[in-house]
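Please construct the entire structure, taking both the sequences and the accompanying hints into account.
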Amino acid sequence: MQKLKYMILLASLSIFFGACPYESTIPIDSPQIRIDSQLLGDWKDSKDEKEHYQIKSLDSFIYEIIKYNKDEREETKYNAYISVINTTKFLNLWEIKSDQSNSTYNLYKIEKMDSKLLIISEVTENIIEKFTTSEALKIFISENMHHSFFYNKEKMKLIHY
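Count the sequence shown with mature numbering (1 follows the signal peptide of the UniProt record, and there is no 0) and you get residues -21 to -1, 1 to 140, in order.
Check each hint, because a few of them may be wrong.
[Unchecked claim] Label-pair ranges, simulated between beta-carbon atoms:
no.: 1; residue 1: N81; residue 2: K26; range: 14 to 24 Å
no.: 2; residue 1: H126; residue 2: D50; range: 33 to 43 Å
no.: 3; residue 1: T111; residue 2: R52; range: 18 to 28 Å
no.: 4; residue 1: S39; residue 2: S127; range: 33 to 43 Å
no.: 5; residue 1: A115; residue 2: D27; range: 17 to 27 Å
no.: 6; residue 1: D50; residue 2: E122; range: 18 to 28 Å
no.: 7; residue 1: I45; residue 2: K136; range: 16 to 26 Å
no.: 8; residue 1: A115; residue 2: I138; range: 31 to 41 Å
no.: 9; residue 1: D38; residue 2: D93; range: 20 to 30 Å
no.: 10; residue 1: E133; residue 2: D93; range: 20 to 30 Å
no.: 11; residue 1: E114; residue 2: D27; range: 30 to 40 Å
no.: 12; residue 1: I12; residue 2: K95; range: 12 to 22 Å
no.: 13; residue 1: S127; residue 2: T66; range: 15 to 25 Å
no.: 14; residue 1: G20; residue 2: T111; range: 31 to 41 Å
No wet-lab data here; the hints were simulated from the structure. For each residue, glycine too, the CB sits at the ideal point set by N, CA and C.
Here you go:
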């Protein structure tokens, strides 16, 4: 109960400090879910016309995601794969850095509404627990993923075009 009160307090503070996704040194699990061909292609943010995403398959399990920013004329490359916890899909995403430094994983809940709309919810950065195994992380997510404070308030809606 004490842990729950503390997480609610942290979620409240996130309103004042802005929101970023949770960073983990380990993924939820290893890549096991095959590429969903409906996720491949070009996607645009419904609120930010400056950014769009291109999603390709890197192999049978890993996506290559390129984020384009029209104003800054830059692109950021990521790799990602899907994990499933209690029928809910999560994206394990990491940036591909030119210096090949160790990347951390950002975790997102993804909901495919239909073949043209994805809803992306960032797992909040206000989680203070650190995990040394994927199994411990997966259990923690399973126990907390139904709480609204587990995700940042703003959801991203991506439209396939």
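Hints, one by one, checked against the model:
1. N81 - K26: 14 to 24 Å: violated, 32 Å
2. H126 - D50: 33 to 43 Å: Since the Cβ atoms of H126 and D50 sit about 35 Å apart, the hinted range of 33 to 43 Å holds.
3. T111 - R52: 18 to 28 Å: Taking Cβ atoms as reference, T111 and R52 lie about 40 Å apart, which means the hint is violated.
4. S39 - S127: 33 to 43 Å: holds, 34 Å
5. A115 - D27: 17 to 27 Å: violated, 35 Å
6. D50 - E122: 18 to 28 Å: Given about 40 Å between the Cβ atoms, the range is violated.
7. I45 - K136: 16 to 26 Å: holds, 19 Å
8. A115 - I138: 31 to 41 Å: For I138 against A115, whose Cβ atoms are near 36 Å apart, the range 31 to 41 Å holds.
9. D38 - D93: 20 to 30 Å: holds, 26 Å
10. E133 - D93: 20 to 30 Å: holds, 21 Å
11. E114 - D27: 30 to 40 Å: Between E114 and D27, where Cβ atoms are some 36 Å apart, the hint holds.
12. I12 - K95: 12 to 22 Å: This hint holds: roughly 21 Å between Cβ atoms.
13. S127 - T66: 15 to 25 Å: Holds - the Cβ-Cβ distance for S127 and T66, about 18 Å, lies within 15 to 25 Å.
14. G20 - T111: 31 to 41 Å: holds, 37 Å
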